[in-house]
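Residue numbers (the numbering used here), protein chains in the order written: chain A, 6 to 173; chain B, 6 to 173; chain C, 6 to 173.
In case anyone wonders, no lab produced these hints; they're calculated from the structure. Where hints are given, some of them may not hold.
The list cannot tell twin chains apart, which means a pair is met if one copy fits it or any two copies do.
No more than 25 Å apart at the CA atoms, straight line, and that leaves these computed lysine-lysine pairs for DSS-like [said to hold, decoys possible]:
hint	residue 1	residue 2
1	K45	K92
2	K92	K166
3	K54	K166
4	K166	K45
5	K54	K92
All values reported here derive from a predicted model rather than from experimental measurement.
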Amino acid sequence: MSLLNEAGPVRFLRNVEVGEDVSFYGFVNAYGCSLGAGTKVGPFVEIQKNVRIGARCKISSHSFLCEGVELEDEVFVGHGVMFVNDKYPRATNEDGSLQGGADWQVSPTRVCRRASIGSGATILCGVEIGAGSLVGAGAVVTRNVPPGVVVAGNPARVIRKLSEPAQA
Amino acid sequence: MSLLNEAGPVRFLRNVEVGEDVSFYGFVNAYGCSLGAGTKVGPFVEIQKNVRIGARCKISSHSFLCEGVELEDEVFVGHGVMFVNDKYPRATNEDGSLQGGADWQVSPTRVCRRASIGSGATILCGVEIGAGSLVGAGAVVTRNVPPGVVVAGNPARVIRKLSEPAQA
Amino acid sequence: MSLLNEAGPVRFLRNVEVGEDVSFYGFVNAYGCSLGAGTKVGPFVEIQKNVRIGARCKISSHSFLCEGVELEDEVFVGHGVMFVNDKYPRATNEDGSLQGGADWQVSPTRVCRRASIGSGATILCGVEIGAGSLVGAGAVVTRNVPPGVVVAGNPARVIRKLSEPAQA
Chain A
6 MSLLNEAGPV
16 RFLRNVEVGE
26 DVSFYGFVNA
36 YGCSLGAGTK
46 VGPFVEIQKN
56 VRIGARCKIS
66 SHSFLCEGVE
76 LEDEVFVGHG
86 VMFVNDKYPR
96 ATNEDGSLQG
106 GADWQVSPTR
116 VCRRASIGSG
126 ATILCGVEIG
136 AGSLVGAGAV
146 VTRNVPPGVV
156 VAGNPARVIR
166 KLSEPAQA
Chain B
6 MSLLNEAGPV
16 RFLRNVEVGE
26 DVSFYGFVNA
36 YGCSLGAGTK
46 VGPFVEIQKN
56 VRIGARCKIS
66 SHSFLCEGVE
76 LEDEVFVGHG
86 VMFVNDKYPR
96 ATNEDGSLQG
106 GADWQVSPTR
116 VCRRASIGSG
126 ATILCGVEIG
136 AGSLVGAGAV
146 VTRNVPPGVV
156 VAGNPARVIR
166 KLSEPAQA
Chain C
6 MSLLNEAGPV
16 RFLRNVEVGE
26 DVSFYGFVNA
36 YGCSLGAGTK
46 VGPFVEIQKN
56 VRIGARCKIS
66 SHSFLCEGVE
76 LEDEVFVGHG
86 VMFVNDKYPR
96 ATNEDGSLQG
106 GADWQVSPTR
116 VCRRASIGSG
126 ATILCGVEIG
136 AGSLVGAGAV
146 VTRNVPPGVV
156 VAGNPARVIR
166 KLSEPAQA
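So here's chain A without its partners, still in its complex pose:
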């Protein structure tokens, strides 16, 4: 692994730990995260601190990965996918002061090996998406997804099993 620091006109990378052949497109903002060998990150993506991304993943344009997200190897994240780490987000505390990192608890999310998340999906916090499963485009995932299934809708429900084995 090597440690990237880059502040340039087209992307910001700070303390980003990368395996071999990790690539970032322009217009990326990433900090304090790690990405395994071969993973590719598209434009207009933000990856926050303490995000861990496995090897050979694809993170497509316009997606947001917040603190608390862990992707195992070979995960596909479509375009415009939003992860969440706080069930009751607020701008301020009850005394009106702006919330900082110490004012909320990160609720973690794990996406297991070879799962794919369709474009435009929203993934609520505290869930696990099972190995090889497919989250349909535009779905809103509010609870755990078992391995080897397709989920879709808002809230997302299992619509069928995948005939393809999960390869996990």
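Chain A is already provided as a structure; the job is to place chains B and C on it using the hints.
Chains B and C in isolation, oriented as in the chain A frame:
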């Protein structure tokens, strides 16, 4: 308040009126809007003209605030939130000419004090979101949201009252 | 038509074929696509290779147009609209190697003349959106949309006919 004008490689700010300690991340496009003291704006955000944002708000990455949007103080806007100001958007007029600012009516939207809008939500135009209410991640808000409730789904419906008072 | 090549700090345009008076905002990534006269593209937009966009269209901020998308003339694409071209996206092949362009089939999508796609909508692959139709904000379009109607919801369903003729 002071008036910012900045055209640089990583963000565009034109005629942006700001209170003290307003901060913008990189990759922001904002023009002709005002933001109250302490408000923070994340990356990949666009804020259009005539948007008024109160004090101590957080506008998270990938969100779009169109003309006609007003946020009161201490509002949280999650990641990838889209506001709308035109119920029947068209690229062109009936004569085939491109629509300009004079060719549609802005339908305003107000988000009241201490409300929070979850990531991936879409807020249709002409609605008011009540004080302290929480719009669930991925929700599509098509009508007014009363104060002190949680809404979710597409279209968004009240799923429960918040036990926490709205602090309004 | 003329051929643009531009690599700069605020946008990337490579082999973009444009008619007269096509305009791009900053923070755009576009390559190998064509856009007809008068079309406007907002910030934080990605347009992939082999996308064909007609004349006098508006492509609003935060939208993603993938290979396989064709927009006829005078189409409106709202903010944060995600198109899809692969029904079963995967990061890797079954042997664990990263997927490349040869490893999937592009499933095309056509948006017919004067149709409008609302903000936050997700358009699955292999569909046609009929002339003059309106896709509601936040809708997830999973099948063909006939001309002259309004669709909304997840999955999107026809909610009514448009009294305005489709002008097609």
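Quick rundown of the hints versus the structure:
1. K45 / K92: Classified as between: cross-chain Cα gap 20 Å, same-chain 29 Å, threshold 25 Å.
2. K92 / K166: between (29 Å within a copy, 15 Å between copies)
3. K54 / K166: neither (34 Å within a copy, 33 Å between copies)
4. K166 / K45: neither (28 Å within a copy, 42 Å between copies)
5. K54 / K92: Within. Shortest intra-copy distance 19 Å satisfies the 25 Å Cα cut-off; inter-copy 31 Å does not.
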